[in-house]
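A.B. asks: Each chain, written out:
There are 6 protein chains.
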Amino acid sequence: MKMKVFRRETFNAAHRLYNPNWTDEQNEATFGKCNNPNWHGHNYVIIAEVEGEINPDTGYVVDMKILKKIMQEEVCEIFDHKNLNLDVREMQNIIPTAENICVVAWNLIRNKLDTKLNLKIRLYETERNFVEYDGNV
Amino acid sequence: MKMKVFRRETFNAAHRLYNPNWTDEQNEATFGKCNNPNWHGHNYVIIAEVEGEINPDTGYVVDMKILKKIMQEEVCEIFDHKNLNLDVREMQNIIPTAENICVVAWNLIRNKLDTKLNLKIRLYETERNFVEYDGNV
Amino acid sequence: MKMKVFRRETFNAAHRLYNPNWTDEQNEATFGKCNNPNWHGHNYVIIAEVEGEINPDTGYVVDMKILKKIMQEEVCEIFDHKNLNLDVREMQNIIPTAENICVVAWNLIRNKLDTKLNLKIRLYETERNFVEYDGNV
Amino acid sequence: MKMKVFRRETFNAAHRLYNPNWTDEQNEATFGKCNNPNWHGHNYVIIAEVEGEINPDTGYVVDMKILKKIMQEEVCEIFDHKNLNLDVREMQNIIPTAENICVVAWNLIRNKLDTKLNLKIRLYETERNFVEYDGNV
Amino acid sequence: MKMKVFRRETFNAAHRLYNPNWTDEQNEATFGKCNNPNWHGHNYVIIAEVEGEINPDTGYVVDMKILKKIMQEEVCEIFDHKNLNLDVREMQNIIPTAENICVVAWNLIRNKLDTKLNLKIRLYETERNFVEYDGNV
Amino acid sequence: MKMKVFRRETFNAAHRLYNPNWTDEQNEATFGKCNNPNWHGHNYVIIAEVEGEINPDTGYVVDMKILKKIMQEEVCEIFDHKNLNLDVREMQNIIPTAENICVVAWNLIRNKLDTKLNLKIRLYETERNFVEYDGNV
Numbered sequence: 001m002k003m004k005v006f007r008r009e010t011f012n013a014a015h016r017l018y019n020p021n022w023t024d025e026q027n028e029a030t031f032g033k034c035n036n037p038n039w040h041g042h043n044y045v046i047i048a049e050v051e052g053e054i055n056p057d058t059g060y061v062v063d064m065k066i067l068k069k070i071m072q073e074e075v076c077e078i079f080d081h082k083n084l085n086l087d088v089r090e091m092q093n094i095i096p097t098a099e100n101i102c103v104v105a106w107n108l109i110r111n112k113l114d115t116k117l118n119l120k121i122r123l124y125e126t127e128r129n130f131v132e133y134d135g136n137v
Numbered sequence: 001m002k003m004k005v006f007r008r009e010t011f012n013a014a015h016r017l018y019n020p021n022w023t024d025e026q027n028e029a030t031f032g033k034c035n036n037p038n039w040h041g042h043n044y045v046i047i048a049e050v051e052g053e054i055n056p057d058t059g060y061v062v063d064m065k066i067l068k069k070i071m072q073e074e075v076c077e078i079f080d081h082k083n084l085n086l087d088v089r090e091m092q093n094i095i096p097t098a099e100n101i102c103v104v105a106w107n108l109i110r111n112k113l114d115t116k117l118n119l120k121i122r123l124y125e126t127e128r129n130f131v132e133y134d135g136n137v
Numbered sequence: 001m002k003m004k005v006f007r008r009e010t011f012n013a014a015h016r017l018y019n020p021n022w023t024d025e026q027n028e029a030t031f032g033k034c035n036n037p038n039w040h041g042h043n044y045v046i047i048a049e050v051e052g053e054i055n056p057d058t059g060y061v062v063d064m065k066i067l068k069k070i071m072q073e074e075v076c077e078i079f080d081h082k083n084l085n086l087d088v089r090e091m092q093n094i095i096p097t098a099e100n101i102c103v104v105a106w107n108l109i110r111n112k113l114d115t116k117l118n119l120k121i122r123l124y125e126t127e128r129n130f131v132e133y134d135g136n137v
Numbered sequence: 001m002k003m004k005v006f007r008r009e010t011f012n013a014a015h016r017l018y019n020p021n022w023t024d025e026q027n028e029a030t031f032g033k034c035n036n037p038n039w040h041g042h043n044y045v046i047i048a049e050v051e052g053e054i055n056p057d058t059g060y061v062v063d064m065k066i067l068k069k070i071m072q073e074e075v076c077e078i079f080d081h082k083n084l085n086l087d088v089r090e091m092q093n094i095i096p097t098a099e100n101i102c103v104v105a106w107n108l109i110r111n112k113l114d115t116k117l118n119l120k121i122r123l124y125e126t127e128r129n130f131v132e133y134d135g136n137v
Numbered sequence: 001m002k003m004k005v006f007r008r009e010t011f012n013a014a015h016r017l018y019n020p021n022w023t024d025e026q027n028e029a030t031f032g033k034c035n036n037p038n039w040h041g042h043n044y045v046i047i048a049e050v051e052g053e054i055n056p057d058t059g060y061v062v063d064m065k066i067l068k069k070i071m072q073e074e075v076c077e078i079f080d081h082k083n084l085n086l087d088v089r090e091m092q093n094i095i096p097t098a099e100n101i102c103v104v105a106w107n108l109i110r111n112k113l114d115t116k117l118n119l120k121i122r123l124y125e126t127e128r129n130f131v132e133y134d135g136n137v
Numbered sequence: 001m002k003m004k005v006f007r008r009e010t011f012n013a014a015h016r017l018y019n020p021n022w023t024d025e026q027n028e029a030t031f032g033k034c035n036n037p038n039w040h041g042h043n044y045v046i047i048a049e050v051e052g053e054i055n056p057d058t059g060y061v062v063d064m065k066i067l068k069k070i071m072q073e074e075v076c077e078i079f080d081h082k083n084l085n086l087d088v089r090e091m092q093n094i095i096p097t098a099e100n101i102c103v104v105a106w107n108l109i110r111n112k113l114d115t116k117l118n119l120k121i122r123l124y125e126t127e128r129n130f131v132e133y134d135g136n137v
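Chains as they are written, first to last, in our numbering: chain A, 1 to 137; chain B, 1 to 137; chain C, 1 to 137; chain D, 1 to 137; chain E, 1 to 137; chain F, 1 to 137.
Nothing false has been slipped in among the hints.
Using 16 Å as the maximum straight-line C-alpha spacing, the simulated EDC-like pairs for lysine to aspartate or glutamate come out as follows:
1. D:Lys68 to D:Glu9
2. C:Lys120 to E:Glu132
3. C:Lys120 to F:Glu51
For the record, the hints were derived by calculation from the structure and aren't laboratory data.
Please model the entire structure based on the sequences and the hints provided.
C.D. replies: Here it is, written out as structure tokens:
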């Protein structure tokens, strides 16, 4: 039987939306207050959705302790209490919109997840704005 | 890369569930307390889910400021603090169930959204009852 | 030992804010969109906070089944799916602001509650607006 | 028009994760603190997602009163305030992981639901761990 | 300046409400389904409210890392994934109602907290039932 | 009749916990990851609790539109999408802990609020850490 299992984790980070190929005016016009050169920040919520078969011996699709460990080591410990523009190697040269953070998080978790499992990542930037990515192009 | 982005807005409205082609007894039997002729109301939560490609220049699928503006102008300002049966032209001759409100909201937002973007609308009538529509028939 | 116990219930209702002693202009200026003559509505959340001694035989301050029954019979069944201006005898000649609904609910529950117990009522009109009343003047 | 409607219910239960074909050491290594022989428990949240056509006479995909009744009679009354390993016939010889509880709940609700309607069940074991099943294999 | 700071933690446990001095009939009449001899369980949420002066050197009333550690070591590690009737020495001979669990948790945390700080504990047993204790008699 | 009314607003900001009178080692030992020199950030939730008499003409303790305006103009517009250490004049030379932000917000709102009304401010830094201040010393 195919199931989906979900695990929710959190991290808090600073960022700034800014395209280095643009003038300040273009950045201001597009990103508005998110372009503040002194940064702002968010409490991010990340939910990993993993699809696979139930293992009849355990009743698990994936052991949540393992999924939690992957999410924490690959994403939360790298992003938490960091500046996403300055401190996170995996975000270098990437505008840290919720969309782009979600894609980077998907890739980091995908690399550590059993290839038999499908992965989708949902990322909440605020209560009202959130995004989702499943690796499809 | 294909992503989904979500935006959450709210509106508060009165309504009554009532089929004018039916007798009072039929309406009462089907709609129960939702059929109260003096109306009742809800705090509605609407979430727009928009699917599209990430723009590499902005890192956005769609600018949330634009999506918010469409949702507010097309749905919230028209439905908020209104009687859905009496005050809203777009709901005329439509039983204002969560299902039908969701379809109307989908059409109103769809009309203003870039045709390259897919749209799904989720509408919460209460914490425990909600619906979703994506335009498929 | 003195404790507080809390019970959460919900009801959905229509209302209109309107002072019959005022002109339409005064009502519009004060109550704005809440003054819509065709009504609007809310999902109300009511939380009763009851303070008293723990009964050593039961470990209860008050049996939650009894508190739930009082809240449902005295408030929810009377207010739920009703028009607070037209349908609720206890709200007659009272402007149905969150404040006034809260005071009426406090009185209705207070009448049925053991006099040894203190009572406070919190009422949420929306996620962002709520009120609290404990009978003090 | 095809829609999805969702209904949220809750139940509270005790359980223990344990594979009777394994040694205590294997169970401890796999299930950790969830293997406590004296049980532990959770507040489960179950959300039924039902897909179907809007009935033009009612504006409903399915009457929420009926969906609520099916969920309560088939799942909540059987699981609520019970020990999932000992008290629930439908869970006999099944390791009561969130995954397996979700599959059992799906089957119980599916049996009572109109065959024209599609069903998906989401089950929250905690705020951070949840699962979803739609009958696909 | 006097402030209150709050920290939220969680634990999941099984319990049964049962007074050993009573007959089965009395227990059943008082505790109903909470009296199930095979146990049931909950996801408990505990919020510690600590009142004190802001330390001008740190801007803290109390370092949240220390408050978190006290809550986890004194309460969560002792109660989590346990049977509150059978496994927890601190609950021996105490009916594990939310009220009594809250008092025990208050005492355990109070013992480790700086005497200059005031303490109040709020404990959620479900979304709808919760209690609060501040040591007053 | 004396009531409390509450209004919830939000803002997102970057900050760093750092005492300029201390060595880097002292700052690191006390503030840990909150001391990151490149900043981090949060989605803050602020709830103003205002106590006063119900105006019998309006049924209001305070018009929520006015309370909302004060909170937005005095706090949200000044703090939102800002660096609390660098961008906010009102936070100059103040370590931006939740405690200190709460006191500053209390003072800013207190200055604009009718002196007949009492004020308490609750500030959430995360889901798990929050503080409250009412002006008492």
